[in-house]
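Participant: Each chain, letter by letter, is given below.
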Amino acid sequence: MIERITAGIDVGAGAVKVAITASRAGDAGRVLASAVERIRRREVHELTARLFADVCRQAGVEPEALPYVATTGDTEAVPFATGHFYSMTTHARGALFLEPRARAVLDVGALHARAIRTDERGKVLTHRMTSQCASGSGQFVENIARYLGVPLDDVGALSQGSRAPEAVSGICAVLAETDVINMVSRGVATADILKGIHVSIAVRLAKLLRSLKTQGVVFVSGGLSLDTGLVDAVRESLGEDRGAPLEVVTHPDGILAGALGAALLGSYRHAQLERRARAQADAAAAVAP
Amino acid sequence: MKAPLAPAPRDADPARDVLRRAHALLEDHGLANAAAWKRDHPGRLAVGYMPVYAPRPLFEALGCLPVAVFGGGDRDVIRGDSYFQSYICHIPRSTLELGVSGALQGIDAMVFPAICDVIRNLSGMWQMLFPDVYAAYLDVPQNFRPEVGGAFYRAELERIASDLVARGALALDPERLRAAIVTENARRRALLALGDVRREEPWRCPASEAYAITRAGGALLAADHLALLGEYLAAIALRRGSPKDNVRVVLTGAFCEQPPFGLIKSLELAGCDIVDDDLQLGLTYIEGDIDAEAADPLGALVTAFLERGAATASRYIGDAHKGDALLARVRRARADGVVFAAASFCDPALLDEPMLEAAMDEAGVPYTSFKYAENTGQFHVIREQAGAFSDAVRLWESAP
Amino acid sequence: MTLTDELRYQANVNVLGAVFLRFERLQLEWKMHEKGFWKHEHLAPPHFAAPRLKELISKHYLKGRYANGHGKVAWLTSGAPAELFTALGFFPLFPENHGAVCGIRRVAEKLSGYAEDAGYSRDLCSYARTDFGAMLSGETPVGKLPRPDVLVCCTNICQTVLHWYQVVAHHYKVPLILIDTPFLYEQAEPHMVAFVEKQLEAAVEQAERIVGKSLSEPRLREVTARSKEAVELWAQVLARGKHHPAPITAFDEFIHMAPVVEMRGEAFTVEYYATLLAELDDRVAKGIGAVKQEKRRLIWDNLPVWGRVRWLSELLAARGVSLVASTYTNAWGELAALVDPEHPMKSAANVYLHPILNRGTGYKLDVMRTMVRDYDVQGAILHSDRSCKPYSIGQIDQREKLATELGVPALLLEADHNDPRAFSEEQVSTRLSAFLEVIGA
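Residue numbers (our numbering), protein chains in the order written: chain V, 1389 to 1677; chain F, 851 to 1250; chain B, 10 to 450.
Just so you know, these hints were derived from the structure itself, not from any lab. Beta carbons: idealized from backbone N, C-alpha and C, even for Gly. The hints are all genuine.
Listed below are the simulated DSS-like cross-link pairs for lysine-lysine, each with C-alpha atoms no more than 25 Å apart in a straight line:
no., chain 1, residue 1, chain 2, residue 2
1, B, LYS68, B, LYS153
2, V, LYS1511, F, LYS1094
3, B, LYS119, F, LYS1221
4, B, LYS68, B, LYS40
5, F, LYS1172, B, LYS182
Ranges between beta-carbon positions, derived for each pair:
no., chain 1, residue 1, chain 2, residue 2, range
6, B, GLU148, F, SER932, 40 to 48 Å
7, V, ALA1552, B, TRP320, 55 to 63 Å
8, B, GLU226, F, HIS1171, 32 to 40 Å
9, V, ASN1531, F, GLU1137, 55 to 63 Å
10, F, PRO1024, B, THR379, 44 to 52 Å
11, V, ASN1531, B, GLU414, 57 to 65 Å
12, F, ALA1213, B, LYS153, 32 to 40 Å
13, B, ALA27, F, HIS1171, 41 to 49 Å
14, B, GLU434, F, SER936, 17 to 25 Å
15, F, GLU997, B, THR379, 32 to 40 Å
Work the whole structure out from these sequences, hints included.
Facilitator: If you want it as structure tokens, here you go:
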């Protein structure tokens, strides 16, 4: 089976992620190049086009030579895509690539969080999303970090050092932000505030996972997978709720899961379409005199 | 499949102007156009009609401008709600809102084709609320025998025609009716040509655009709509692009209440090529040409309705098998699956759907179903559902 | 039809069943005459005709149970021209009546559940869902429903039956006779009557082929005449509600109406209503009201809430309120004058075009206006029935007009005729109490 080089573009609410993979119809894949860039109020079209061109250059491929460019996420920003996959499907596939034992995915992005139960092929079996409210998402953590004057990259480590996490309202982002302002004025330590935030999010994520009756290995993807403080809090929540033991796993490329999944599925799909076209041509030839 | 050729820059889209005009027509339900037409044709009547099918050529032959009043879309409903209980669908609310807000002031007559209990009663309310407007319930028959339903339908058309003539419409002249039928046939063919493009090259003609161009004709004379369609078809022929790897679906819903534009866009964004739909079924309801040569053109209009009306929920299909017509659409469109959309509380669509789904199950056609209202504002659930469906069909070759 | 089937029918229906049901009736009647039989504080005892009613309905469903094999069975909408099919010898079954029985026996929710599991939305009529549920599961509180040989659907009650009956036809794979009745604002125009008449003629032809015999004109005239008699008697029964105190309430009528809907055209139906009427006249003469201390009088619009007839009736009676008339029960009496047994086909076409539900909302308002005047009422309860859109649309406007034009306060009561999930006891009693305050009960 030939190796196909395909691209995946994941345009999220907070960042654009691009990955180029080489794989045999999605299997035995390897990453040729990848990039993540936060949108930061920039024109998404232009950013995506530029990032895509950069990653192609890094991977040493001509964009025109890619047989399949798959998009995912919520956008019509990519006019040159071959096909589009739903973000749940791509995160499931990407998670399986980064952690072959994963049978569930916790995708925590800028504006949403979602738990997905998958099978060994990465097919989505069931899923559950948090409500519209932003309090379970990355944007919320970012707002709090900005308010506390903590660089985003330091949030995880700080939270992990907390000794007495301070509980916050877990229901509503606006209320939680008010809580935080009060904590600051009461002189609560920054680490304890951050941990409190992480715990409030983690409790909800744990409930999502439990509602799907997931088992075995859970892979955390999306932007917040890089937040070690949150991942620890999720582990703790799952440890305390007396449910079946779950192993929570992350990967440095967890934020790229969607883009990787899209690239690999593109390869799979391309092979499938080629196979069908061949079968059709064969059938036509058989009928022809 | 070749993917990333340089895309045509957006501002150079050859269809930009024609789409802009279509959207302008949609924006106010064609009412500004109707007002302009009335200024140019003093004394003539604008005849509003509700879904699904109305005999537009008859209205045109009477010198009237047919205006499709297919609900008020997602505009705010303030007074319209106060007439209906919570379990009534949305279209009568927004339509009544158009009425009580004065938006339909230029509409001299309203025709309510028999499709369901709600439209039936709305017509009665219309009579009471707007005594100056001619409100007619057009009882399209469910009996398709010429001497039974045919005779009755003809009498209904004659009744409405003479009522309109009494209000200033031109006399019913066979020559004018024949001319109107010729144009109507031409319009229908243009719509079919549009359908061909969607089937063969869906990337060239997204369903959301086809919908806009089609629905824009709701308040145009057939000849004007024909011109608009021609212009759009010519423009998209110039488009450069490439096929997308989308799932091909037929969108069906016995549509009376129209889904919001955003819903159609959401399906597209979720990776669906909607290669056929019955959103604006009324304009192609008669399958095939109406006989334009007939000595008795009114009879030809009646015969066309009896013999070649499309199978949809609001039409009794007798001994025919439920789902056959949909399956034929799926096959002709070479669709991978079906998206069922039913308006909330819509009896015809909701009672039909399980039978149609069973027929799809039998034929092994995957489908997904959801409900909507014309003012649905959140599409993420529909997008999620359509996205999951699209992926399942393409990747796993099954319904989700 | 085999000999065994026929013997089974005769044995179970005309011998065993008849004897048992008769015995049960006599026992009930005996009980009703005993001292201390009735102790209700607010409601008068049930009418003496009630055991007879029970016998009639039980016998009807018993016949239905053994009908397949005995003869041909037609399932009809409540507004279908039943006389034609009765005259041809079909056993008539009315899924709506069966739905009501399921509602009264509180199994509608369970049956609807089967339909909902099969994909039928809760947005749909609960009669239709109950019917589908019974059809899909074979469950029914009446023992067993006969399989239809033909379906007769008349759109004069709603357009929904057009779709509902297509589902049933699809399930049983039996012919569906559709009678399309044009909707009216005022009176039917000649082309409309002609349209319906031609459909009736075609329907008879089709039904004749199914039953294997032709329609006898004298028999049709006879059935139509009995039907007219029953309908006239029913109209008189209703009119007794005009007396103070009213000897019968609409709650009673909801139950007593079953024969005029599903057994019209039968001699025993005529007899039954004659007996009931005599009893009402007796009550009038003796000044016995259905509600013991009648202080206020109301009318009801729309179908009953089948599972809550008794509950609502007691709630109102406790406040001295008598429900003296309803647009629903009236629908089976108001067209008596149009029935012409000498011209049964033409008259059927005319009659079946004019039911209240086949006419604009303005007509219903007129009916209520007349009732308010004739029955001397102080208010109206408009049952906003989630399951009957055609009956309910326009009620908000009608409530306004009753209040402003006639000074009659009206309550819009949100419920459902068959789906108990759309009925909140707490909410209904709060709203009713507030309304009864307004009318001084």
